[in-house]
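Enquirer: Sequence:
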Amino acid sequence: MILKTESFLSAILLLMHTPAARAGSRIAADSSTGADPHYGAHILSVMPLMAMDYRLGIGMSYEQLLGKAQRVGMILQGTLMLNGYERPGYRYNKNNPHYPAYYFTPGIKIYPFGQRRATYAFGPSFMLCYGKEKNEWYHDYPIEGTTVSWMKMAAMFSNYANFQVTPWFSLGLEIGLGIRFIDRQTYLEPGTPELHTSERAKPTGRFGLSLGCRF
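Mapping of the sequence shown onto mature numbering (1 follows the signal peptide of the UniProt record, and there is no 0): residues -23 to -1, 1 to 192, in sequence order.
One or more hints might be untrue.
Stated by the list, open to error - Simulated DEER-style distance windows between Cβ atoms:
1) Ala178 to Ile35: 25 to 35 Å
2) Lys109 to Leu43: 35 to 45 Å
3) Pro167 to Arg94: 52 to 62 Å
4) Met51 to His15: 13 to 23 Å
5) Phe192 to Pro89: 21 to 31 Å
6) Met51 to Pro167: 37 to 47 Å
7) Ser126 to Phe103: 16 to 26 Å
Keep in mind the hints are simulated off the structure, nothing from the lab. Glycine included, each C-beta is placed from N, C-alpha and C at the ideal position.
Sequences and hints are given; from them, build the entire structure.
Expert: In structure tokens form, the structure reads like this:
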């Protein structure tokens, strides 16, 4: 009887040291911190739809979640805005080529409820943008072959909704508002000096849809 009891206890101790048992202990420990152990700390996303500054585009982003609780994330977004736009009071020849605009947006995301299947985050970000166009602009008279390049900087505050469809696939929505505090344009027309202009601070916004791979 004593030998049977010792064998039973030995079997229990052996099971406690198996990978499954260790994983169960890790899940219990991580649950106490508010993190879901099934979700990785890295999210690489494709953004098939982005809308900013009267433009539509596509982009990519990378997010690194910090700490065991994963309540804070660092995110870097890069966006390629594809279509041109029309300035108020002006029109341009739509047969002329359009040039893309490049947006880079680093930011911080705060998850007040931690990581769940459906969770919410908010946080500040900084937006830097550069673009160029070459069009025939018309106002009171045509300006042929004018190249317009511009640089923008903005401070943004965004709200995020994240849906963890599977442990490795996530769907995200973002809505952000902010102030564009630098908006400079440079006009270059053949045979004339460069013309530099700067606009006052203006509100700006962004909307995005992301499809992410979590690991």
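Enquirer: Are the hints correct? Go through all of them and say.
Expert: Each hint, compared with the structure:
The beta-carbon spacing between Ala178 and Ile35, approximately 28 Å, falls within the hinted interval of 25 to 35 Å. Here the CB-CB span from Lys109 to Leu43 is close to 37 Å, well matched to the stated 35 to 45 Å. Remark: the range hint 52 to 62 Å for Pro167 to Arg94 is upheld by a beta-carbon distance near 58 Å. Between Met51 and His15 the C-beta distance comes to about 21 Å, which sits within the given range of 13 to 23 Å.
A C-beta distance of roughly 24 Å is found between Phe192 and Pro89, which places it inside the suggested range of 21 to 31 Å. Distance hint check for Met51 and Pro167: the Cβ-Cβ separation is about 45 Å, which falls inside the suggested range of 37 to 47 Å. Between Ser126 and Phe103 the Cβ separation comes to about 21 Å, which falls inside the hinted range of 16 to 26 Å.
Comparing the model with each numbered hint stated earlier shows that all of them hold.
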